[in-house]
Amino acid sequence: AQRVTQPEKLLSVFKGAPVELKCNYSYSGSPELFWYVQYSRQRLQLLLRHISRESIKGFTADLNKGETSFHLKKPFAQEEDSAMYYCALGGGGFGNEKLTFGTGTRLTIIP
Amino acid sequence: SQTIHQWPATLVQPVGSPLSLECTVEGTSNPNLYWYRQAAGRGLQLLFYSVGIGQISSEVPQNLSASRPQDRQFILSSKKLLLSDSGFYLCAWTRQGFLSTEAFFGQGTRLTVV
Numbered sequence: 012a013q014r015v016t017q018p019e020k021l022l023s024v025f026k027g028a029p030v031e032l033k034c035n036y037s038y039s040g041s042p043e044l045f046w047y048v049q050y051s052r053q054r055l056q057l058l059l060r061h062i063s064r065e066s067i068k069g070f071t072a073d074l075n076k077g078e079t080s081f082h083l084k085k086p087f088a089q090e091e092d093s094a095m096y097y098c099a100l101g102g103g104g105f106g107n108e109k110l111t112f113g114t115g116t117r118l119t120i121i122p
Numbered sequence: 061s062q063t064i065h066q067w068p069a070t071l072v073q074p075v076g077s078p079l080s081l082e083c084t085v086e087g088t089s090n091p092n093l094y095w096y097r098q099a100a101g102r103g104l105q106l107l108f109y110s111v112g113i114g115q116i117s118s119e120v121p122q123n124l125s126a127s128r129p130q131d132r133q134f135i136l137s138s139k140k141l142l143l144s145d146s147g148f149y150l151c152a153w154t155r156q157g158f159l160s161t162e163a164f165f166g167q168g169t170r171l172t173v174v
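Chains H and U, in that order, give the protein sequences. Read in order, the letters of the first sequence are residues 12 to 122 in the working numbering. Read in order, the letters of the second sequence are residues 61 to 174 in the working numbering.
It is worth saying that the hints were derived from the structure and are not from the lab. Where is the CB? At the ideal position from N, CA and C, for every residue including glycine.
Here are some chain U residues pointing at chain H (derived, C-beta under 10 Å): (1) Tyr96; (2) Gln98; (3) Ala100; (4) Gln105; (5) Val111; (6) Thr154; (7) Gln156.
Assemble the whole structure, with the sequences as input and the hints as a guide.
Here's what the structure looks like:
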């Protein structure tokens, strides 16, 4: 089964404090992990993908296959980070095109 | 450039009436297509996905069905709506056969069944 778990539905963090949004997955094959973000009144959009190992808007995420986790982190929260964040799991294409999302975490940055 | 169109943006339908939501993609060929329902506390629930014309994978047995009559057209349907079908429906597409491919989402349809 292909499953994504985001244990926190709501997360409030003070501006300037570190942020960590948790994501755990279940998948028997080689996973492709993503973080998507939805800002107020905007479309859901890609934030980052594990294979790129990049930092976007100060956010990073490391795939830990041993713990089956892909937590999203940012050292210093900014007010514009307030949004809905979804962790997503893909099967990597080539016969497994299923793309599964978690339940999402609403992040609120307190000024 | 590629674009995805989804309509209508909002819809109010009575219980027992039929439903047809349409999604089209422009600027690409042979995309993977997806229908999701977004609900508070339940996140993005995958309903159907399709890797080609006439090929539909159903993830959640329910009162809905999907069809892909053309390469870049994906339709979500119901013969008789239930109150529980109310929600926000999102269409998305990805490129086929690529690792770590990005999903592009439509603007969504807010369906209210009354």
